[in-house]
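Since the structure of chain A is already known, use the hints to place chain B on it.
Here is how the chains run, residue by residue.
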Amino acid sequence: MTAVAPWEPTVQLVLDQLNALPGALLPILHGIQEHLGYIPPDAVPMIAGALNLSRAEVHGVITFYHDFRDTPPGRHQIHICRAESCQAVGGEALIAHARKKLGVTFHETTADGTITLEPIYCLGNCALSPAITIDRQVHGRVTPARFDALVAGLEQRP
Amino acid sequence: MTRVYVPRDSGAKSVGADAVAATILTEAKRLGVAVELVRNGSRGLYWLEPMVEVETPAGRMAYGPIAETDVASLFAAGFLSGGNHKQGLGLTEEISYLKRQERLTCARIGITDPVSLDDYEAHGGYRGLRRALELDGARIVEIVTQSGLRGRGGAAFPTGIKWKTVLGAAGSQKYVVCNADEGDSGTFSDRMIMEGDPFVLIEGMTIAGIAVGATMGYIYLRSEYPDALVVLNEAIVAAVATGHLGANVLGSGKAFDLEVRVGAGAYICGEETAMLESLEGKRGIVRYKPPLPAISGLFGKPTVINNVISLASVPIILDRGADFYTNYGMGRSRGTLPIQLAGNLKHGGLVEKAFGVTLRELLYDYGGGSITGRPIRAVQVGGPLGAYLPESQFDTPLDYEAFIAISAMVGHGGIVAFDDTVDMAQMARYAMEFCAIESCGKCTPCRIGSVRGVEVIDRIIADEDRTANITLLRDLCDTMLGGSLCALGGMAPFPVLSALNHFPEDFGLPAASLAAAGTR
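Going down the list, the sequences are from chains A and B. The opening residue of the first sequence carries number 1 in the numbering used here; numbering runs sequentially from there. The opening residue of the second sequence carries number 1001 in the numbering used here; numbering runs sequentially from there.
Bound-form chain A, shown alone (with noise of 0.2 Å):
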């Protein structure tokens, strides 16, 4: 009998609480995500199992999707808007100074594992631009020099 890996109890909660849903593959990886902060690729055949489809229809939708994660992100999650309204009023200079502050570059975990640098394309905060989200709150009109001080409050915190 093989140990059971720690995040099964947490897949097969999400599992039972919201198979019988409709269409329910979307709810089921955020809610699991939600949980984990990634989907471990080695729940995939059990969730493949539950909702009777292969374990490639999972994995496809798995990696179609930007917002799923197949490895546990940093303890905390940077996305900075790459669209248009933001490129117009210095998207693209916060983005270099960003990387270049954390040392790291899209998709890419800081070597303390404190933060995720991610993409985004519109938060919908355009009139606000240049925005960024930090564990999903959005920030608006963010400076080199107001970037520098959100991510100073994230590194005191644990």
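None of these hints come from the bench; they were simulated from the model. If you're wondering where the values come from, they're calculated on a predicted model, not measured in any experiment. Heads up, some of the hints might be wrong.
Covered stretches of chain B (chain A as the covering partner; in silico rule of three or more C-beta atoms under 8 Å from a C-beta of chain A) [claimed, not checked]:
no.: 1; region: 1004-1017
no.: 2; region: 1185-1199
no.: 3; region: 1253-1266
no.: 4; region: 1270-1283
no.: 5; region: 1335-1345
no.: 6; region: 1416-1430
Each residue gets a CB set at the ideal place from its N, CA and C atoms; glycine is no exception.
For chain B alone, coordinates are given in the frame of chain A:
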């Protein structure tokens, strides 16, 4: 007790509204004054956010932008009775930006508590549904058709015609799906409705359901809008509790249930058939049409699919009648459009106006020109698939047909302004790159064409065989325009070609070649 308003809109929160709200409560407690804090939606005057409003006998007085550190001085200035303060803006309704608008769809945003049904009904809410419940489905569809309402998501297809097809389609189950995957850069009116007046969307969807005989509705909400999710769910719970949703809508014996589903960061899921696939739990791959979703949509059943603004415009049409709505607008663009001013503009925000307002009025009379103080050189209208327009086209009125005539589109009404520091070759490159990142991969012109597009533009920028590569780029755009399955690959060439045609100098061509290239 004095009523104070601080928006819960995510835009207002992005510049500190939560902290301002908390500080107002703390300060009121410290001073021993009674304050009723209402977290309203945003009025859409984003450069003034966080904008605090106070109810006074003369009307609501506005103060903004207010920082956390301004709160003590607000109390000291007696803002609770409308006292003067350096950030004072006077009566909210008299602020020129707001006063000059024609707010029909967005009439209540910023005025009411978004999740208070009482507030909603006190401001004219649910009158449209009550009227609809007196009519049969065919009559409701007729009124919506007569109103001239066209799909506000971008495609501008007549809403009533869509509904008529679903009404006439046979099916044991029909659905209403609201497309709330507002992915276009420069657009946020859907978000403002959902965060600021969610009941108007719920009411519009309920009317759609009653009209076509659908008993279940889904709102497909993009994951980038977590605040909208919270507000929508609060509003749905309230509507169910009071019988505005559920098995017996307002005692009519008709059923309509509603559920919010969250996307997962794929722009393509704003395309209606990809959205249906996503709702069904699959990859967001575009479907071939026909069959139309109106005949065979969600789970193969007849489905009404409309954008948030289209659905949110229905209640006022039912309440006030088709003629009332049709009296606004120009040509075949009837009614109003919530326009969103974004990018490099001093006064970015929401401007709901009747169709016919020109870009120039929007950019300067409302937008106040660029935030950097430099000349506005280019404007992208209609999101990442919309054309870039030069100053010479700023007198174009916002009208679906007038925009088509200049190879542009109104789309979802987002306007992104760029000053003269913009590099249009880079913007063209970005348009192709975005298409490559977001392509669903089903059709070759989009999947491969966008990747090749980036490469060709890179060669043009690097001056490698420039003339030949520009010919190649135009040829590639032609293939994408004609050969793509949906609007993503089919319209990504619009920003590219418009950049090339209107700003050839940014591609290393002489500016004079504009005349030779013509408008296309």
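Outcome of the hint check:
1. 1004-1017: holds (count 5)
2. 1185-1199: holds (count 6)
3. 1253-1266: holds (count 6)
4. 1270-1283: n = 6 at 8 Å, threshold three: holds.
5. 1335-1345: holds (count 6)
6. 1416-1430: holds (count 7)
Hint compliance for this structure: every hint is met.
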